[in-house]
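Student: The primary structure of each chain is shown beneath.
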Amino acid sequence: MENFEPVIVAFCCHYCAYTAADMAGSKRLSYPPNVKIVRVPCSGKVDAIHIMKAFEKGADGVYVAGCLEGDCHFKNGNMKVSRRVNYIKKLLDEIGINGDRLEMVMMSAGMGDYFAKKATEITDKIRSLGPNPTKTVLGFAQK
Amino acid sequence: MKSESVLEKVLVSGQLAVTSECGPPRGAVPEIIKEKAELLKDYADAVNVTDNQTAMVRMSSFAACVFLKQMGLNPILQMVTRDRNRLAMQSDILGAYAHGIDTMLCLSGDHPHFGDHPEAINVHDLDSIQLIQMVKTMRDEGKFQGGADILNPPKMFIGAAANPFADPFELRVARLSKKINAGVDFIQTQCIYNIDKFEKWMKGVTDRGLHKKVYILAGITPMKSAGMARYMKNKVPGMDVPDEIIKRIADVPQKKQADEGIKICIETIQRLKEVEGVSGFHIMAIEWEQKVPEIIEQAGLLPRPVV
Amino acid sequence: MITAERKPMEELTEYVKNHDRILLVGCNECVTVCAAGGRKEVALLASALQMDAMQKGKTLDITEITLERQCDPEYIEELTPHIDQVDAVMSMACGCGVQEIARRFKNTPVFPAVNTKFMGASERQGVWAERCQGCGSCLLGLTGGICPIARCAKRLLNGPCGGSSNGKCEINPDLDCAWQLIWDRLKALGMEKQYEEIIPAKNWVSGRGGGPRKIIREDLAE
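Chains as they are written, first to last, in this note's numbering: chain A, 4 to 146; chain B, -16 to 290; chain C, 3 to 224.
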């Protein structure tokens, strides 16, 4: 457990968080390598099943990063996915996978610093929560 | 006369009638019902016995009515359509009448949501208006609701409730008219605190001549305290308590608030005596039955007529 | 539509605790529209059941399939090739679908994944409300197109009761008083007189009071 390095999937909107991640990179701001970015055309494109499958396949944490409120390139995809994230948090709680492993964050394309900060924060939080409990019993962990 | 009901006789005689109310105990404790009945005995022409009021289980209205009857009072069997279907209600009516209970009040009843068995289903096979129709058919045609003949049909004097203060106000007179068309003989109203609004409703009633088709007993409930007044205003559905009333009670010291409540009651009765269409008073002192004689006496409603 | 809601996971995992191969069956009709048991919900539940099982040290073999309808035997037949490969079926359809599967496959246990709620309509995105209780003798023609049986808490046929306040029901301030709605509508239609007509005691035989119901269309029945 001491060597536990969480796997975190970040669904990042092309118009904001993905660009912010890019900016963090070009500014040489470091953020944990645990975060695996999946670029999506809009955070609203992230379906409940994408989040569930990420956990089922072994992610220890998932977050969806969309545009700031009112700035969605597709009107309100970010707000829709926020509600979806809350719904899935409850489902995760119900099956004994702490809903805190899932999070919604919002940022603009220019917030490279914030991207790095959130990535670090979330990684620390998931590290403290420990591995996704679906992995521990079957020994899938750390593959 | 439609029945042997003492209440009917008083109303037909043209004198102001007085009814009161007694809630059966939450247990098999006849003493409680007898104590309450003793308090009301010589003061009310008839006494309502509630039927699982506010959807809380209590001794059945029918059983408690029998105690009152044995003590020489004239009980009014309250019946809500919430707890029983038409078979059960008709059998209770036969049983009650066989015990000499000849007056009843037809209600739909508070929703179980408010009571101590919120998980119970509400039956509502009939609504209050259909219950009135059923009791009238039993009495006037000697037939069960299902159409079969009744041996010795129960001759009930039929009452119902009216709430002049519920919404939509414009329907309240029309709804009374529906109850009259269904066959109701007398009405007991919701507790009256907003007299102006009551008078407005009564104007609508008299304009349509409905007061000539039904006896209307004005509902009166004394307030024990400003706290009770606020509770009635905010928590009891369909209750209209004007702020002046609350203020009037709140403005006197705590110890005197009950007296002020009684005073308001008596003033209300005095004013309502002058309102066209009011045939009497229904005084409901909730768990405060000992005050009823005082109210009736001070309101000048004694002695009660012997009919 | 017939509306439904997924049961709590605890109840569902209890049903399948002794089964490893599960056929999880959605329905493409009502429960898809009310987002309770369509293809998407089947996928979500499959994933949730799988993750629950993994925490208990096993994996489930879940077959996901969503039928066009679960209330018609023709469609249920599509499950036949799968049924011998599973230990249990879990249906995400309404109670009708669950029972049709149970009727067709005598030797495989069938569990309901949803609680069937009511016949209702969509008030707005994500909100469904009761509209009909299937009493079998519709009286909407008398009540301005608003059903007091389905929408009055006391199902008063001659309402409103004394608890109607500001157009809302006494048992829930978020619930419209059905009789306020009826009255407003009758007024708008100039049919106020209709209100004073007493609706007589209902004959519940056409409803559940007459026992389980059946419709037989002679011209169609084989």
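Honestly, the hints are just simulated from the structure, not real lab data. Being a predicted model, the structure only gives us computed values, none of them experimental. Mixed in with the good hints there might be a few duds.
With a straight-line cut-off of 35 Å between C-alpha atoms, the simulated DSBU-like cross-links for lysine-lysine are [stated by the list, open to error]:
#1 C/Lys195 to A/Lys93
#2 C/Lys189 to A/Lys60
#3 B/Lys195 to C/Lys195
#4 C/Lys60 to A/Lys60
#5 C/Lys189 to B/Lys183
#6 C/Lys58 to A/Lys56
Covered stretches of chain C, as calculated for chain B (at least 3 residues, CB under 8 Å) [stated by the list, open to error]:
#7 114 to 125
#8 150 to 159
Pairwise CB distance ranges, derived in the manner of DEER restraints [to be verified]:
#9 B/Gly210 to C/Gly192: 44 to 50 Å
#10 C/Ser139 to B/Leu134: 31 to 37 Å
#11 C/Gly136 to B/Asn135: 36 to 42 Å
#12 B/Gly210 to A/Thr123: 55 to 61 Å
#13 B/Pro8 to C/Arg41: 54 to 60 Å
Cβ coordinates follow ideal geometry from the N, Cα and C atoms, glycine included.
Student: Evaluate each hint against the coordinates.
Tutor: Status of each hint after checking the structure:
1. Annotation: proposed proximity of C/Lys195 to A/Lys93 is violated, straight-line Cα distance about 51 Å (limit 35 Å).
2. Restraint check: the Cα-Cα separation between C/Lys189 and A/Lys60 comes to about 60 Å, which exceeds 35 Å; the hinted pair is violated.
3. About 21 Å separates the Cα atoms of B/Lys195 and C/Lys195, which keeps this hinted pair within 35 Å; it holds.
4. Using a Cα cut-off of 35 Å, the hinted pair C/Lys60 and A/Lys60 holds, with the two alpha carbons roughly 14 Å apart.
5. For the hint linking C/Lys189 to B/Lys183, the alpha-carbon distance of about 21 Å falls within 35 Å, and the restraint holds.
6. A threshold of 35 Å between alpha carbons decides the hint, and for C/Lys58 with A/Lys56 the separation of about 18 Å falls inside it, so the pair holds.
7. Closer than 8 Å: that is the beta-carbon criterion, and the region 114 to 125 of chain C has 0 residues meeting it against chain B, so the requirement of 3 is violated.
8. Check on the region 150 to 159 of chain C: 5 of its residues sit with their Cβ under 8 Å from a Cβ of chain B, so the three-residue criterion for coverage holds.
9. One distance hint, 44 to 50 Å for the beta-carbon pair B/Gly210 and C/Gly192, holds here, with the actual separation near 47 Å.
10. Range check, C/Ser139 to B/Leu134: Cβ separation about 32 Å, and the 31 to 37 Å hint holds.
11. As the Cβ distance of C/Gly136 to B/Asn135 is approximately 40 Å, the hint placing it in 36 to 42 Å holds.
12. For B/Gly210 paired with A/Thr123, a C-beta distance near 56 Å keeps the hint of 55 to 61 Å intact.
13. Range check, B/Pro8 to C/Arg41: Cβ separation about 58 Å, and the 54 to 60 Å hint holds.
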